[in-house]
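Here the protein sequences come in this chain order: E and C. Quick note: the first sequence uses our numbering, first residue 1, plus one each step. Quick note: the second sequence uses our numbering, first residue 1, plus one each step.
None of these hints come from the bench; they were simulated from the model. In this text the structure is predicted, and so the values were computed from the model without any measurement. Don't take every hint at face value.
Note that the list lumps identical chains together, so a pair holds whenever it fits in one copy or between two copies.
Claimed, not checked - Think about it this way: if two alpha-carbon atoms lie no more than 25 Å apart in a straight line, the pair counts; the simulated SDA-like pairs of lysine to any residue are:
hint, residue 1, residue 2
1, K65, G362
2, K65, L284
3, K65, S98
4, K153, V344
5, K65, L151
6, K346, A93
7, K346, E45
8, K346, A360
9, K65, D291
10, K65, G321
11, K153, G285
12, K346, E88
13, K153, A282
14, K153, D337
15, K153, W80
16, K346, D26
17, K65, E179
18, K346, T332
19, K346, A89
20, K153, A206
21, K346, G123
22, K346, A3
23, K153, G321
24, K153, E60
25, K153, R81
26, K153, G96
27, K346, G96
28, K346, R283
29, K153, A28
30, K65, M155
Listed below, chain by chain, are the residues.
There are 2 protein chains.
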Amino acid sequence: MSARHLAVSLGDRSYGIDIGAGLIDDPARFAPHVGGRVAAIVTNETVAPLYAARLEGTLERAGAKALRVVLPDGEEHKTWRTLDRVFEALLEARVGRSGVVVALGGGVVGDIAGFAAASYQRGIAHLQVPTTLLAQVDSSVGGKTAINHPLGKNMIGAFHQPVAVVADTATLATLPPREYAAGLAEIVKYGAIFDVAFLGWIEAHADGLLAREPQALAHAILRSCEIKADIVARDERESGARALLNFGHTFGHAIESAAGYGTLLHGEAVAIGMAMAARFSARLGRIPAMDSERLERLLARLGLPVEAPRFPVETWLEYMGRDKKNEGGRITLILLDAMGRGAVVKDASARALREFLEEAAG
Amino acid sequence: MSARHLAVSLGDRSYGIDIGAGLIDDPARFAPHVGGRVAAIVTNETVAPLYAARLEGTLERAGAKALRVVLPDGEEHKTWRTLDRVFEALLEARVGRSGVVVALGGGVVGDIAGFAAASYQRGIAHLQVPTTLLAQVDSSVGGKTAINHPLGKNMIGAFHQPVAVVADTATLATLPPREYAAGLAEIVKYGAIFDVAFLGWIEAHADGLLAREPQALAHAILRSCEIKADIVARDERESGARALLNFGHTFGHAIESAAGYGTLLHGEAVAIGMAMAARFSARLGRIPAMDSERLERLLARLGLPVEAPRFPVETWLEYMGRDKKNEGGRITLILLDAMGRGAVVKDASARALREFLEEAAG
C-alpha cells in the first residue's frame, strides 16, 4: 500500500505519521508498536461496525492480542464515566505496562483513549488511528488529550504523545458532508497562519478535495500535519507559538458557547471565527481587505459558513474571555500579519474589538 | 530557620527539597513558587485543623492567593470521587494554568493532589508539604502520583514532579507512634539497599530517631531523600534501577492483601517484607545469615514487626504475582547481595521461594 510518511521530532517522544488509503488493513504499519503486546482498540458505537473488526484482524496479523472497548458516540460522553470504561476494560483484561491503546475514531475517541493511555498505570503507549478529517489533520497530532468536566471543556487531561499515527484516507469516505467540510476548515487554517503557498494549493485543488480525491487528500493531510508538527515541536507544552493554532478559535469558541454546543460543528464555528479574525486583521490594517475576502471566498467554496451570528457584544466578550490560554483578563487573539503569517496578539485594542463586534456581529 | 537542602536533578524537571523544623512558617521557602499565583492547599480533615491555617498565612505572606480544599482522610478515599473535589474547587475558583497545588499531608494527600496537578488543564505546578515521616522520605520524592481504582491500587495516575518539597520535621511531633515507626521502616530500607554506612548511622542513632530528635531526623530524612532521588534520577520512568525501591514491597504487598488493607500499616508490612527478603537472600547464599539477623534486629528495635504472618503458599504466590512491575508471570524480587547493596532478581528459583515460604510463612 502506498503511503506518505511524516516524522514528528519531539526528542524521545518522536513518532511517525503514515497517511494513505487502506492503511488500516496493513499489519506492517502496526507491527513495530503492537507486536507481542496487548492492543486495546478504543472506539465508539458509530465507528466500531465500520472498521473495528478489520483493524482487529490487522492487529492480530501484526502479532498483537487485540481487545475492543466500544464507547458511546458524542462529545457529551467525553466524561470521566466513559473514561472509566476504558480503565475497567484494561484492568479486567489485566493489561500491563507493555499494553498499547489504539484509538480508532474521531477527536473525542482520540482524546479519551489518549488520556486513558496517559494515566493507566501512570502511562502506557497509545497509537492514533483517526477516522475523521478533523482528527487526521488536527487532534491526532500534538499530544493533547482530555476529558470534559461539568464545569469546563477539556479541563482534565494530559500531554501524551502517541507512538504512531496511522491516517487511513479511505475511512473518510463514510464521513457525512458537514463533518468532512469541518475538517477542511482546519486545513485552510494551516495555510492561513503558516503557508501562503499551501493556501494557494488548496484553492487550486478545492474541487479534488471536495470530491475526496485520495491524492489531493493525502497531500492536504500531510502538509497540515507537517505544519502542526512544526509548530508543536517549537512549543510542545503550549506556552507560545502553539497559540497560532488557535486562529479562528477564540471567536469560534464564543460562537459555539453562545449558539449552544451541537448546533454548529467545531470546524464550522472555526470557519466563521477565521473569517472574523481575518476581517478584524484587515480592519486593524494588518492585511489588505482583499486578503480577508480571499480567505472567506475559499471557506465558502468548501461549503463552510463565514457569516458571524449576531448576539450582544457583552456576550461575545464574556465568552471570548473564558479561554484557558488567556492571561490576566486580557483576550489573546490570533490575527494575520499577511496571508500565511499568523500573529499572537495580546494587546489588541479593546475598543477596536468592541466596535468590530458591534458592527459585524452585535 | 535553619534547614538542610537537597537538589534533585531531573533535567528541566529538577527541584529542591528543604528539610527542617518550622519550615511551614517560613514564606521564603514558598515565595519563588507561589508568589503572585493562586495556591490551592489540598489537605485532609485530620491535618487541616493542625496546619492548614498556618500554611495559608505563610503562603499569603509569600505573595500567593491561598485557597483550601479539605478531603476526607484515609486510603479508602483515594478515589476519582475525591480527586474530583479538587478539580471542582480549582474550576470554581477559576484557577488558571499559573495556579499551584500545594499538597499538605501524608502519602494519600500527596498522591491525590499530585495527580490533580498533573491532569488539571493538562498539568499545572504542584508543591509537596509532607507531614508524615513516610511521605517525607518516600512519597514526596519521585514524582509518582495516583488514585486507586476499584480493580486495583494506584492504577490511575501520572509521573509528575513537584516544583519543590518542603519537609517540616516539626509536623512529625503530632504523628501517632505506629505511623512514625512505619516511616522509619522506609529509612532503614534506603540503608539496606544502597548505603551500609547509613545503615550503621541508623543503628547508632536509633534512640535519637525514636525520640524524634530534630537533628537526627533531619539527617535521616535528607539521606533517605538523597538515596531515593539518586535512584529516581537514574530511572525516572521506572524501567530498571528504580525497582530497588521495592525492597520488602513484594512480600509486603502480599501481606497487606492477605491481611486486608488497614490491619497493618504499609510501612509495617514493608518491615516484615524486608526481613523476609533478607532471610531469603541469606537462604540463597547471597548474604551471610548474620546480616539478615542484623536487619531484623534493627527493625525490631525501631518498634517494627518482623515476623511473617502464616497463610497458604499459593496465596503468597498469587498476591506476590499481582504487582504491576512483574513481567510474563515471573515474580521480580528485590534481594540483597550485601548489606547496602540491593539487587533486582528476575530469575529467582521458584522452588526455593516456595520452600522458603512453606517454612517461614506457610
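Indicate which option fits the pair K65, E179 if close means a Cα-Cα distance not exceeding 25 Å: within, between, both or neither. Neither: 33 Å inside a chain and 44 Å across chains, both beyond 25 Å.
Are the CA atoms of K153 and V344 at most 25 Å apart within a copy, between copies, both, or neither? within (22 Å within a copy, 44 Å between copies)
Have a look at K65 and D291 and pick one of within, between, both or neither, based on CA distance no larger than 25 Å. neither (53 Å within a copy, 46 Å between copies)
With identical chains treated as interchangeable, where does the CA-CA distance between K346 and D26 reach 25 Å or less: within a copy, between copies, both, or neither? Answer is neither: 46 Å inside a copy and 36 Å across each miss the 25 Å cutoff.
Is the C-alpha distance from K346 to R283 at most 25 Å within one copy, between copies, in both cases, or in neither? within (17 Å within a copy, 69 Å between copies)
Can you tell me if K346 and A89 fall within 25 Å by alpha carbon in one copy, between copies, both or neither? neither (45 Å within a copy, 28 Å between copies)
Please work out whether the CA atoms of K346 and G123 approach to 25 Å or closer within one copy, between two copies, in both situations, or in neither? between (35 Å within a copy, 23 Å between copies)
As a check of your reading, is K153 near A282 (CA-CA no more than 25 Å) within one copy, between copies, both or neither? For K153 and A282, the Cα distance exceeds 25 Å both inside one copy (31 Å) and across copies (57 Å).
How would you classify K346 and G96 at a CA-CA limit of 25 Å: within, between, both, or neither? Answer is between: at 17 Å across copies they meet the 25 Å cutoff, but 45 Å inside does not.
At most 25 Å between alpha carbons: which applies to K65 and L284, within, between, both or neither? neither (58 Å within a copy, 37 Å between copies)
Please sort K346 with E88 into within, between, both or neither, judging by C-alpha distance up to 25 Å. For K346 and E88, the Cα distance exceeds 25 Å both inside one copy (44 Å) and across copies (29 Å).
At most 25 Å between CA atoms: does that hold for K153 and G96 within a copy, between copies, both, or neither? Intra 30 Å, inter 13 Å, cutoff 25 Å: inter-copy only.
Consistency note: the structure conflicts with the earlier hints numbered 1, 2, 7, 9, 11, 12, 13, 14, 16, 17, 19, 20, 22, 24 and 29.
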